[in-house]
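Same order as they appear, the protein sequences are chains A and B. Going by UniProt numbering, the residue at position 362 of the first sequence is 362; the numbering climbs one at a time, nothing skipped. Going by UniProt numbering, the residue at position 376 of the second sequence is 376; the numbering climbs one at a time, nothing skipped.
Just so you know, nobody snuck in bad clues.
For chains that are exact copies, the list does not tell them apart, and a pair is met inside one copy or across any two.
Below 25 Å or equal to it, Euclidean Cα-Cα: the simulated DMTMM-like pairs (lysine to aspartate or glutamate) are:
| # | residue 1 | residue 2 |
| --- | --- | --- |
| 1 | 357 | 140 |
| 2 | 39 | 372 |
| 3 | 357 | 136 |
| 4 | 303 | 180 |
| 5 | 115 | 128 |
| 6 | 39 | 371 |
| 7 | 416 | 483 |
| 8 | 303 | 29 |
| 9 | 39 | 315 |
| 10 | 357 | 138 |
It should be emphasised that the hints constitute simulated quantities derived from the structure, not laboratory data. Note that the structure is a prediction, hence the values are computed from the model and not measured.
There are 2 protein chains.
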Amino acid sequence: MSHWLSKRASLTPNRMAITFQESTWTFSELLETTTLIAKKIQSLSLTNEPVALLIRNTAKGIVLIHALQQLGLSAVMLNPRLRSNEWEFQLKDSSAQLLIVDDQFEEVIREFEDKLSVLSIAQVEQLDSSNEPLIEHERDVCSIMYTSGTTGQPKGVLQSYENHFASAVGSALNVGLNVEDTWLCAVPLFHISGYSILMRSVIYGNGVRLYEKFDEEVVHQDLVEGRATMISVVSTMLTRLLNIRGDACYHERFRCMLLGGGPAASHVVEECFEAGIPVFQTYGMTETSSQFATLAPEDSGRKIGSSGKPLFMNDIQILNSHHERCESNISGEIVVQGPNVTCGYINRREANRDAFKNGWFYTGDIGYLDEEGFLYVLDRRSDLIISGGENIYPAEIESVLTSHHAILEAAVVGKKDDQWGEVPVAFAVQQAGETLAENDLIAYCKEQLASYKVPVCVYFIEQLPRNASNKLLRRELKQKVAEQYEDH
Amino acid sequence: MSHWLSKRASLTPNRMAITFQESTWTFSELLETTTLIAKKIQSLSLTNEPVALLIRNTAKGIVLIHALQQLGLSAVMLNPRLRSNEWEFQLKDSSAQLLIVDDQFEEVIREFEDKLSVLSIAQVEQLDSSNEPLIEHERDVCSIMYTSGTTGQPKGVLQSYENHFASAVGSALNVGLNVEDTWLCAVPLFHISGYSILMRSVIYGNGVRLYEKFDEEVVHQDLVEGRATMISVVSTMLTRLLNIRGDACYHERFRCMLLGGGPAASHVVEECFEAGIPVFQTYGMTETSSQFATLAPEDSGRKIGSSGKPLFMNDIQILNSHHERCESNISGEIVVQGPNVTCGYINRREANRDAFKNGWFYTGDIGYLDEEGFLYVLDRRSDLIISGGENIYPAEIESVLTSHHAILEAAVVGKKDDQWGEVPVAFAVQQAGETLAENDLIAYCKEQLASYKVPVCVYFIEQLPRNASNKLLRRELKQKVAEQYEDH
Numbered sequence: 001m002s003h004w005l006s007k008r009a010s011l012t013p014n015r016m017a018i019t020f021q022e023s024t025w026t027f028s029e030l031l032e033t034t035t036l037i038a039k040k041i042q043s044l045s046l047t048n049e050p051v052a053l054l055i056r057n058t059a060k061g062i063v064l065i066h067a068l069q070q071l072g073l074s075a076v077m078l079n080p081r082l083r084s085n086e087w088e089f090q091l092k093d094s095s096a097q098l099l100i101v102d103d104q105f106e107e108v109i110r111e112f113e114d115k116l117s118v119l120s121i122a123q124v125e126q127l128d129s130s131n132e133p134l135i136e137h138e139r140d141v142c143s144i145m146y147t148s149g150t151t152g153q154p155k156g157v158l159q160s161y162e163n164h165f166a167s168a169v170g171s172a173l174n175v176g177l178n179v180e181d182t183w184l185c186a187v188p189l190f191h192i193s194g195y196s197i198l199m200r201s202v203i204y205g206n207g208v209r210l211y212e213k214f215d216e217e218v219v220h221q222d223l224v225e226g227r228a229t230m231i232s233v234v235s236t237m238l239t240r241l242l243n244i245r246g247d248a249c250y251h252e253r254f255r256c257m258l259l260g261g262g263p264a265a266s267h268v269v270e271e272c273f274e275a276g277i278p279v280f281q282t283y284g285m286t287e288t289s290s291q292f293a294t295l296a297p298e299d300s301g302r303k304i305g306s307s308g309k310p311l312f313m314n315d316i317q318i319l320n321s322h323h324e325r326c327e328s329n330i331s332g333e334i335v336v337q338g339p340n341v342t343c344g345y346i347n348r349r350e351a352n353r354d355a356f357k358n359g360w361f362y363t364g365d366i367g368y369l370d371e372e373g374f375l376y377v378l379d380r381r382s383d384l385i386i387s388g389g390e391n392i393y394p395a396e397i398e399s400v401l402t403s404h405h406a407i408l409e410a411a412v413v414g415k416k417d418d419q420w421g422e423v424p425v426a427f428a429v430q431q432a433g434e435t436l437a438e439n440d441l442i443a444y445c446k447e448q449l450a451s452y453k454v455p456v457c458v459y460f461i462e463q464l465p466r467n468a469s470n471k472l473l474r475r476e477l478k479q480k481v482a483e484q485y486e487d488h
Numbered sequence: 001m002s003h004w005l006s007k008r009a010s011l012t013p014n015r016m017a018i019t020f021q022e023s024t025w026t027f028s029e030l031l032e033t034t035t036l037i038a039k040k041i042q043s044l045s046l047t048n049e050p051v052a053l054l055i056r057n058t059a060k061g062i063v064l065i066h067a068l069q070q071l072g073l074s075a076v077m078l079n080p081r082l083r084s085n086e087w088e089f090q091l092k093d094s095s096a097q098l099l100i101v102d103d104q105f106e107e108v109i110r111e112f113e114d115k116l117s118v119l120s121i122a123q124v125e126q127l128d129s130s131n132e133p134l135i136e137h138e139r140d141v142c143s144i145m146y147t148s149g150t151t152g153q154p155k156g157v158l159q160s161y162e163n164h165f166a167s168a169v170g171s172a173l174n175v176g177l178n179v180e181d182t183w184l185c186a187v188p189l190f191h192i193s194g195y196s197i198l199m200r201s202v203i204y205g206n207g208v209r210l211y212e213k214f215d216e217e218v219v220h221q222d223l224v225e226g227r228a229t230m231i232s233v234v235s236t237m238l239t240r241l242l243n244i245r246g247d248a249c250y251h252e253r254f255r256c257m258l259l260g261g262g263p264a265a266s267h268v269v270e271e272c273f274e275a276g277i278p279v280f281q282t283y284g285m286t287e288t289s290s291q292f293a294t295l296a297p298e299d300s301g302r303k304i305g306s307s308g309k310p311l312f313m314n315d316i317q318i319l320n321s322h323h324e325r326c327e328s329n330i331s332g333e334i335v336v337q338g339p340n341v342t343c344g345y346i347n348r349r350e351a352n353r354d355a356f357k358n359g360w361f362y363t364g365d366i367g368y369l370d371e372e373g374f375l376y377v378l379d380r381r382s383d384l385i386i387s388g389g390e391n392i393y394p395a396e397i398e399s400v401l402t403s404h405h406a407i408l409e410a411a412v413v414g415k416k417d418d419q420w421g422e423v424p425v426a427f428a429v430q431q432a433g434e435t436l437a438e439n440d441l442i443a444y445c446k447e448q449l450a451s452y453k454v455p456v457c458v459y460f461i462e463q464l465p466r467n468a469s470n471k472l473l474r475r476e477l478k479q480k481v482a483e484q485y486e487d488h
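Build out the structure end to end from the sequences listed, making use of the hints.
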């Protein structure tokens, strides 16, 4: 495959590629800047080892991503919110030969410069340009993103060019492709949700409206005024948008709210459905290079809680613990196949052996397919709470909790229990100005849930712990309750 | 890859798949009918050899195409306008094990039933259904379409599932993909132009509005009333549409007039540009499974006569006779690369060796790229005559002419024609002492050639113009007929 940005700039040089802060770049301008940076990086005479990026969501970050692709160098996308020992692990594990960091992270340079080559973006810009024509290394692995598994040891997911291309095509075959689309990106570029927006942009010829951070007021205005036609969100972003929406209508050009990053509460999806907001609920992960299954808005009303059907090139099986296919409506492990599925984790022979069998990837997630083939994701396997032999899926309880008018968001985890093995406990964030009593909330749950699913206690907190991509850090909550258990 | 129609029917069962005459089928209904026919064909216990189809543009023809795909059987697409000796050659050459013919072609059954299994569609419908679950053969070659080369010997182009998929994706990345699109198909299903519409339909989830024949009055009304948003045409169809258009405007939903099958006259493209008709001029061939390069309407005004740029996954080189790249604006052979390019001709080792070098396919067509990379096709395979969208290879007609005992040698060239673009005319040298009449020779051709290939006139001459190395100076003959055309 040729360099996507180069090909795109050749096909549609004058279309808008990026809007960031007050500036706009066409594909032709973006390629010009990218080639300049690629020539500077080439002067370093790098080998084919990956280059790590520690970047925020900025236009310069985008340029770096395309410059590495132009040189055929894999990019290890580091998460700025991690601790330095976590970065160190990923740099070593991926054999990164160079780390390029956003100018904001100056102290990182001092910390790592003894360990590998480290440059700030400003330093890259000051390099001399190579006089040689650009050398493209073999293009195979495009990006490497680390994801924590159930073991806690992060694994580097290898995402090939083919994976990203298939992901973009699968998405277009599902939601359509309009040459005038603009995709709002307020999710992190170092995460597959943001990175895949960039790939779709150069493959489709669509613009990206980039934000460093998610600000619901700003995004709301964009959607109302039609400055974006597509947006990727996780459920907490959607909730924040709904909270300020009032009677406003999004612009008629706005046609896709891609909702990923874990199951959304039913009442949120219902609210969108009633307001005519085109929410596409998706199931996907770093290992599937973004969306794998998606629920179309036309099915949202009758399939509340589903993540839809696998995209055109994708297949799903639900397997029981004997690796046999489950019947409809029987839950088991979600096992997937398709050209957007990673070829594996870098340097993890054992994890790869466990995850891949007969060309299928075992996600570790639990779910079922209904009689029409719609996927319902119950939970990440590691989050499953088993109480007295009954399976409890936190998402189900969380959805009840947040359906209470006083509750903004909630998370449920298991707590060890001498009698039942585990019992569910809840963490809840109240809406501003609300002062709900714990007992009242538990009583509310009792009305709607089988007794074994009712949280034994609710901790009201200011906010839920989330990572940079806004994904709930359930592990931190588990640890809190585990410590309490030990004290009891 | 799974069976595309099955996957499509699972994703969007209730969307319109086909409209033909007074009837409409959803994807779910089309799959149901297709599966029924596939089970009947399965009862014949076929091997993995191809099945030939001799079909008109009808809904039943579409069902047969999908049924063969469901069984993983390659389809040899026969052109109903050919003569029976031409069909016989293709059936033998492809080792077809079964021929299914449209009920209209009853006499073909009688003619071929001694040579291989032949069934009419009505006979297929009367077969018992296999009780076994559907067996899918290995899916690799999807379709085989014959195209005549310069040698006159037709060659079967192998079109894989991957070729068709890449072609559909390349087209969508260029013209966009709207879930509500309907593609009007009045080009033949046995050609790549029509067959590819069917493939895009199941891959995109778009409807096909099928016509048995092109009727400009009917098509005009469809475009005016918005019953189709996309249409594939060859230039003679476009001319006929423009002739009756008057002051009518096409519906605002109509967004793509895909113009293929050879270069269009500049004034036609200009007229479309001025009328705001969204013409996408394309360059493509059977060997590239439809479009390879396309000119966007936005560039039509300033790039009159160009076929645009290679699609996203495609590359073009212009090579001189030493296989070196030509500079901009210097013409040479058009050499192409991409996932929609055929892997080769069936059973043609030598032709394959000539056509494929270092992963590039040598089209034999002559053209150049301008300084911005826009392709201009000067001559299709130097000698190719394109008449109403059908390719006519002089060598094939010449070989028929010289097979007549009275003819010593012959040459065929194209003559401009207001209705068909070009029509074939012949120059013939008689054997000493022979005095064959023009009409008799034309009658002789009619017995052996599809009518569109029969020369409209034959000029008897003393000898053919040849250069010192005895190579036919076809250009001189072309010039003669061109002068006559201008006088007419």
